[in-house]
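Asks: Protein chains in written order, with my numbering: chain A, 25 to 133; chain B, 687 to 802.
Calculated directly from the structure, the hints in this document are not laboratory data. Among the hints, a few may not be true.
Said to hold, decoys possible - Lysine-lysine pairs mimicking DSS-like chemistry, simulated, CA-CA at most 30 Å apart:
hint, chain 1, residue 1, chain 2, residue 2
1, A, 81, B, 704
2, B, 727, A, 100
3, A, 120, B, 705
4, B, 738, B, 704
5, A, 120, B, 708
6, B, 738, A, 120
7, B, 738, A, 100
8, B, 726, A, 100
9, A, 105, B, 704
10, B, 722, B, 708
Residues per chain are reported as follows:
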Amino acid sequence: GQNIDQPTEMTATEGAIVQINCTYQTSGFNGLFWYQQHAGEAPTFLSYNVLDGLEEKGRFSSFLSRSKGYSYLLLKELQMKDSASYLCAVPYNTDKLIFGTGTRLQVFP
Amino acid sequence: ETGVTQTPRHLVMGMTNKKSLKCEQHLGHNAMYWYKQSAKKPLELMFVYNFKEQTENNSVPSRFSPECPNSSHLFLHLHTLQPEDSALYLCASSQEAVASGSDEQFFGPGTRLTVL
Numbered sequence: 025g026q027n028i029d030q031p032t033e034m035t036a037t038e039g040a041i042v043q044i045n046c047t048y049q050t051s052g053f054n055g056l057f058w059y060q061q062h063a064g065e066a067p068t069f070l071s072y073n074v075l076d077g078l079e080e081k082g083r084f085s086s087f088l089s090r091s092k093g094y095s096y097l098l099l100k101e102l103q104m105k106d107s108a109s110y111l112c113a114v115p116y117n118t119d120k121l122i123f124g125t126g127t128r129l130q131v132f133p
Numbered sequence: 687e688t689g690v691t692q693t694p695r696h697l698v699m700g701m702t703n704k705k706s707l708k709c710e711q712h713l714g715h716n717a718m719y720w721y722k723q724s725a726k727k728p729l730e731l732m733f734v735y736n737f738k739e740q741t742e743n744n745s746v747p748s749r750f751s752p753e754c755p756n757s758s759h760l761f762l763h764l765h766t767l768q769p770e771d772s773a774l775y776l777c778a779s780s781q782e783a784v785a786s787g788s789d790e791q792f793f794g795p796g797t798r799l800t801v802l
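Isolated chain A (complex conformation) (with noise of 0.2 Å):
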């Protein structure tokens, strides 16, 4: 089966740097996936990793360790507007993403 874990919330502060960590199980992988969604909002696509390593794409940036399950969206030089939720996504059966229950991330000043 599928299963993905994510720290349910976490806080931090502004101009300060913030590791959300992601694990999975998942039968076969095809990648994984990073969302972000602000209160009342839709989710927005952040990254796509499928290869072992860091993938950087400004002050977020994404990594991957496909041995380990594990995943983590690091993002540096924390802003106000970066407060949201966090979502981890898998793929399987090749046509659904399967979403974890998000981290909430709170940035205060």
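We have chain A; now place chain B onto it with these hints.
Replies: Using the frame of chain A, we list chain B on its own:
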């Protein structure tokens, strides 16, 4: 209009009502999805349509009935719902229904449904 739009944004209905949710995508995509998002639960996939054909019904009760008349429009017909069906219903689209590869899904703003 750009992206994925959904109407209505908010809906309150009684358990005996019949209503429909509408989703439209302006991205030229071929796959569309319905998700349910309840408080403190993961996004749950309900239905997948690829090139207007339903490819997934994720054990959804028959009181939810999807319709995809063309690749740009997706409906979710609702009847005799239960209070536990109250949730945010999100529509999404992607180029094709292939979740592998970097085929990201684009989400609409959702319909906040309350069943009384």
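Asks: Next, verify each hint and record whether it holds.
Replies: Hint by hint, here is what the structure shows:
1. A/81 to B/704: Distance ~45 Å between residue 81 of chain A and residue 704 of chain B Cα, so the pair is violated.
2. B/727 to A/100: Roughly 27 Å separates the two Cα atoms, so the pair holds.
3. A/120 to B/705: holds, 26 Å
4. B/738 to B/704: Between residue 738 of chain B and residue 704 of chain B the Cα gap is close to 23 Å, so the pair holds against 30 Å.
5. A/120 to B/708: Cα-Cα ~21 Å, so holds.
6. B/738 to A/120: Holds, at roughly 16 Å.
7. B/738 to A/100: violated, 41 Å
8. B/726 to A/100: holds, 26 Å
9. A/105 to B/704: Distance of about 39 Å is beyond 30 Å: violated.
10. B/722 to B/708: OK: residue 722 of chain B and residue 708 of chain B at ~14 Å, within 30 Å.
Checked against the numbered hints listed earlier, the structure breaks hints 1, 7, 9; every other hint is satisfied.
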